[in-house]
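**Student:** Combine the two chains into a complex, taking the hints into account.
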Amino acid sequence: GESVGLHLPTLSVQEGDNSIINCAYSNSASDYFIWYKQESGKGPQFIIDIRSNMDKRQGQRVTVLLNKTVKHLSLQIAATQPGDSAVYFCADALSQGGKLIFGQGTELSVKP
Amino acid sequence: EPEVTQTPSHQVTQMGQEVILRCVPISNHLYFYWYRQILGQKVEFLVSFYNNEISEKSEIFDDQFSVERPDGSNFTLKIRSTKLEDSAMYFCASRGAYSNQPQHFGDGTRLSIL
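Chains A and B, in that order, are what the protein sequence lines are. Per the numbering used here, the first sequence runs over residues 1 to 112. Per the numbering used here, the second sequence runs over residues 1 to 114.
Chain B extracted, bound-state conformation (with noise of 0.2 Å):
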């Protein structure tokens, strides 16, 4: 069965430094997500991207935050001067074209910031 792949499982930053966290979609899915999990708490989305642009985004993901799809495979998560709070799990979900389809999420990439 496809899946959601992300990489790397976990991430080790200085506060301040940039990270890019990376995700491989399924591969005939339309609709990409990036969401985030505090330790202990629920699932908070940060922005949904369609046709090559951000669809909608929450008020987490500031300036600091960007995403981008370089090719026809990778869907990225950038996030330019970490920040103590940064610190969560990370996860890539995406979807078939249409809004009653499911999202499928990968397994996350643990983000450290020191």
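Next up, chain A with everything else stripped away, as it sits in the complex (with noise of 0.2 Å):
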């Protein structure tokens, strides 16, 4: 079945750098992926999204590359701060009615 994994389970840096977040899938047919934020107690919210006619697309400190080739995607955090401490998952919306799969998460934590 379809699948989306995240390569390391944690991540911590230091207040200023940047993050680098990643995310595979397997589904090769999948054309539409977003990334959530999930803070503890409360649900996913919404960061960031992409399509697969896209390789990169940049928000507000907020960077995802899309490589198609490799089934692989990636959110980059510029000047992590201490509030961007959370679960990070990445979703492979897989159908026409919209179905989510999500990776495991990553945790960050950003130290002072």
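These are calculated hints, taken from the structure and not from any lab test. On a predicted model such as this, the values are computed, not experimentally measured, just so you know. There could be a bad hint or two in this list.
What the hints assert, rightly or not - Derived pair list, reagent style DSS-like, types lysine-lysine, alpha-carbon separation capped at 25 Å:
#1 B:K83 - A:K71
#2 A:K37 - A:K68
#3 B:K42 - B:K57
#4 A:K68 - A:K56
#5 B:K78 - A:K42
#6 B:K78 - B:K57
#7 A:K68 - B:K83
#8 A:K68 - A:K111
#9 B:K78 - A:K71
#10 B:K42 - A:K42
#11 B:K42 - A:K37
#12 A:K37 - A:K111
#13 A:K37 - A:K71
#14 B:K42 - A:K68
**Tutor:** Structure below.
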């Protein structure tokens, strides 16, 4: 079946550094991906998305890169802040109806 | 900014009892979803709902589960006879008309089965 996986379950960075969170997917037909941030006790919060006709998309302090050749995407957070500490999930929207397949999540810890 | 709201935030129920989890999706959204997240694990899809019917469901969503949109604003998940393994966070999400629009999630209901 389809799967989405993350390379590292935890990531610890120094405040002000850049963070890179990676994700791999298995379905070569996937055409829409979303990154979510989940803080403790809250639901997944939309950060940024990317369609398969793009290889890069930028938001405010965040960039998503998509490499369809190796079925890999990454989330880059510039100048990481303590408020960025959370679990980050990539999700693959597989079907027209939009069912999301989530990865396992990477817990980002930001050291002051 | 409009948001998805879920009630209650925490539900404690005896095994075998029925439970209804409630959600108010974002008002102009057309697609509605339920997901669950067992403690420490990833978010898992349960069911999607569009045009007053289920459009897709996972193998988790068995005969004990049902969904309903009883009026123009609420979207509910019912578990008929709860089991211990139903204990999890349940998230409602909604999305606009297009498949390349992101789903927006509520903050969930924590369901504890005793």
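**Student:** Please go over all the hints and tell whether each is borne out by the structure.
**Tutor:** Hints and how they fare:
1. B:K83 - A:K71: violated, 38 Å
2. A:K37 - A:K68: It holds: about 23 Å lies between the C-alpha atoms, which stays within 25 Å.
3. B:K42 - B:K57: Measuring from Cα to Cα gives roughly 17 Å; hence the hint holds.
4. A:K68 - A:K56: holds, 11 Å
5. B:K78 - A:K42: Given pair K78 (chain B), K42 (chain A) holds - Cα atoms ~21 Å apart, limit 25 Å.
6. B:K78 - B:K57: At roughly 14 Å apart (the allowed maximum being 25 Å), K57 (chain B) and K78 (chain B) satisfy the hint.
7. A:K68 - B:K83: Answer violated: K68 (chain A) to K83 (chain B) is near 41 Å, above 25 Å.
8. A:K68 - A:K111: violated, 33 Å
9. B:K78 - A:K71: The hint is violated at about 37 Å.
10. B:K42 - A:K42: holds, 14 Å
11. B:K42 - A:K37: holds, 12 Å
12. A:K37 - A:K111: Given pair K37 (chain A), K111 (chain A) holds - Cα atoms ~18 Å apart, limit 25 Å.
13. A:K37 - A:K71: Holds. K37 (chain A) to K71 (chain A) sits at ~21 Å (cutoff 25 Å).
14. B:K42 - A:K68: holds, 23 Å
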